[in-house]
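J.: Model the placement of chain B on the given structure of chain A, informed by the hints.
In the order they appear, the protein sequences are chains A and B.
Residue 311 in UniProt numbering is what sits at position 311 of the first sequence, and the numbering runs on without skipping anything.
Residue 219 in UniProt numbering is what sits at position 219 of the second sequence, and the numbering runs on without skipping anything.
Think of the hints as simulated: they come from the structure by calculation, not from any bench.
Among these hints, one or two may not hold up.
Note that the list lumps identical chains together, so a pair holds whenever it fits in one copy or between two copies.
As the list claims (entries may be wrong) - With a straight-line Cα cutoff of 30 angstroms, these simulated DSSO-like cross-link-like pairs (lysine-lysine) come out:
#1 K98 to K173
#2 K393 to K62
#3 K104 to K62
#4 K62 to K389
#5 K8 to K30
#6 K98 to K129
#7 K393 to K67
#8 K104 to K173
#9 K30 to K104
#10 K98 to K393
Spelled out from the first residue to the last, the chains are:
2 protein chains.
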Amino acid sequence: MTAVLPRKELFEMPEGVIYLDGNSLGPLPKGAAARAAEVIEQEWGSELIRAWNTADWISLPKRVGDKIGQLIGAPEGSVATGDTLSIKVYQALAAALKMRPDRKVILSDSGNFPTDLYMAQGLMGTIDKGYELRTPASEDVTQAITEEVAVVMLTQVDYRSGRMHDMQAITDKAHTMGAVMIWDLAHSAGAVPVDMAGSNAEFAVGCTYKYLNGGPGAPAFIYVRPDIVETVEPALAGWMGHDAPFAMELGYRPAMSTERMRVGTPPIVQLSILEQALTAWEGVSMRDIRAASIALCDLFIAEVETRCPQLQLASPRDAASRGSQVSFAFEHGYAAMQALIDRGVIGDFRAPDIMRFGFTPLYIDADDVVSAAKIIEDVVNNDLWRDPKYQIKSRVT
Amino acid sequence: MTAVLPRKELFEMPEGVIYLDGNSLGPLPKGAAARAAEVIEQEWGSELIRAWNTADWISLPKRVGDKIGQLIGAPEGSVATGDTLSIKVYQALAAALKMRPDRKVILSDSGNFPTDLYMAQGLMGTIDKGYELRTPASEDVTQAITEEVAVVMLTQVDYRSGRMHDMQAITDKAHTMGAVMIWDLAHSAGAVPVDMAGSNAEFAVGCTYKYLNGGPGAPAFIYVRPDIVETVEPALAGWMGHDAPFAMELGYRPAMSTERMRVGTPPIVQLSILEQALTAWEGVSMRDIRAASIALCDLFIAEVETRCPQLQLASPRDAASRGSQVSFAFEHGYAAMQALIDRGVIGDFRAPDIMRFGFTPLYIDADDVVSAAKIIEDVVNNDLWRDPKYQIKSRVT
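One chain only, chain A, in its complex shape (with noise of 0.2 angstroms):
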């Protein structure tokens, strides 16, 4: 028996809004506050350095990367949590390259949230052997694997057009020609249905504060193929990632498990209160959230391009090349999402031109999408959009 969609109560929502921006930041899971006060109160406060025991932080990390599994098909120990997605990528990567000492292509698509790209640039400049960055258009990825390619990194749903990769066809291709294959999964964990496992991918990553609800700055996963775990050497060789972090010794030997992808000490206030957010996922099936999603989705198109045929719809059309998303080119966008933020529809716009908008069936209904194509179509066809202070450019997510 799968959970009734939406849980709307399972979540804190300011009156008179419609967050259709849970792609950039979840909205805080009820819970959560009281979470966090009983670990900084009663754990950190009463219990002191003892806590890493009688509240048990010690295993926290493994805890929450096995419920975060659970949601993208890794079995139970494969997934590590911490640090950044930025973190996670340079380490995935830089294992990655480890994998192919005798190829120097890193594939990506210029499509790829640009951390990624930095951060394979960054890892470029420290290595200092010649490595190369490809990024292609999205749609020539594929034909773009070789077998120069070493590793093939994409984050698998586009964060400005939502366009979907398939995964399996991609990691199909990138095995078939010798290469490793890594998964962003920024803007699929939680949004669409994700079967690690059966991909055969060697590395994914992912951040938790999108679809997950893990909250601000909350921290991010790392999943491991478990049959290459015990070669996988780690570039970021952290105690908290030691077979024996305890032992201190002067040698770095890594845990024999995804636990040597961890690296420092973990954010305990953060990480507990992401367990807790994690828990809204009990008893819900992605194949209903994505099915959810669609139809949300759908609506929200033909409700938009109905009322506004100012704006172009900048997402794939078919719902099984896209995401959790829909966003929609509009010259005068960055105005009209601040005037619809205003009107409290909550998207966001990313340069130059695109209105963004993320669909979450956890706690957003067919009633949201049609009264939010509303408030656009007033924004847009009645030109609110101009007002003067919709023009000031100082948003900076």
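T.: Coordinates of chain B only, in the frame set by chain A:
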């Protein structure tokens, strides 16, 4: 005018506890729980994604960095915060090696905290160009600085013994030999006066959950000497260190400040707790902290040596070469520490036989020291540590 020490009223401390482990995890500052609740409920809960602007989350890492800078003699804008200390070690070391491309030796010492050495090993494996890590005994490190050495990387205060390196003398020697200097301030920041600018060292890193009371897994920091920051090459080239993170460019262009050492999305909840915790230092001079710390440590040594001749001082007797902790070697140290903790005297144990006690003048006074010494006397002289329940090695920190 400086504040009177201690300032016990600024911290939550459980009844019956004498906390001598602030060098491992500082106690909960009053106001930190309320600040966390505000960030979670008002900022995240009500403002959602807008809080990056409306609650100024975006400048939180820099605000916190500047407050830490004041405690370590670092000018405004020279300290970046985020990630873990392990990550910051990697960043500093990778950048330092780039500054000395013709040298292949990293010099540390065998008293460094293991994760610093592990991160160096991981970096060396990643670069894979014949680097060598040397770890002589602490007392031999100065003479081991030769013209072969690219980088000297040391933790100023030894985590086990409390032995403190002479920052100025070692930095000067490193520079004379043409090496780059990195200081790990894990047991220095908030513990002893540090003059980063005066030292002329290129880099410093540190954590904030010890003497700075930022809470479990609080973010770390990195200092870069301002005159070199524009040429420092970030190995971990994350989007938050980009000159224009929200321009979403495909190529990495580092910020023209220490901000280039930021990596991914900052942990807003834990940074906010840390910001609140740092208010405990307002009006406090590190000179007064140091004077009080020396008095507490000297008193503790005298009290324990008088009462328990079985314990061997494992810290320098001379305050000038000691940080803000005192360690004693005792064959049954593990069990004895468990017995102490059971009686409210919380220190910690470091293999093989070190009982470690940290002294933190913000919330520890002479009465605490004498009371703790009496309980140590009881546990050691009356063999209370022999109770079977204290023999079980389940503690992980």
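J.: Hints first: check each against the structure and report whether it holds.
T.: Structure-based check of all given hints:
no.: 1; hint: K98 to K173; result: within (20 angstroms within a copy, 37 angstroms between copies)
no.: 2; hint: K393 to K62; result: between (41 angstroms within a copy, 21 angstroms between copies)
no.: 3; hint: K104 to K62; result: neither (34 angstroms within a copy, 37 angstroms between copies)
no.: 4; hint: K62 to K389; result: between (47 angstroms within a copy, 28 angstroms between copies)
no.: 5; hint: K8 to K30; result: within (10 angstroms within a copy, 34 angstroms between copies)
no.: 6; hint: K98 to K129; result: both (12 angstroms within a copy, 14 angstroms between copies)
no.: 7; hint: K393 to K67; result: between (39 angstroms within a copy, 29 angstroms between copies)
no.: 8; hint: K104 to K173; result: within (18 angstroms within a copy, 40 angstroms between copies)
no.: 9; hint: K30 to K104; result: neither (48 angstroms within a copy, 53 angstroms between copies)
no.: 10; hint: K98 to K393; result: neither (43 angstroms within a copy, 37 angstroms between copies)
Consistency note: the structure conflicts with the earlier hints numbered 3, 9 and 10.
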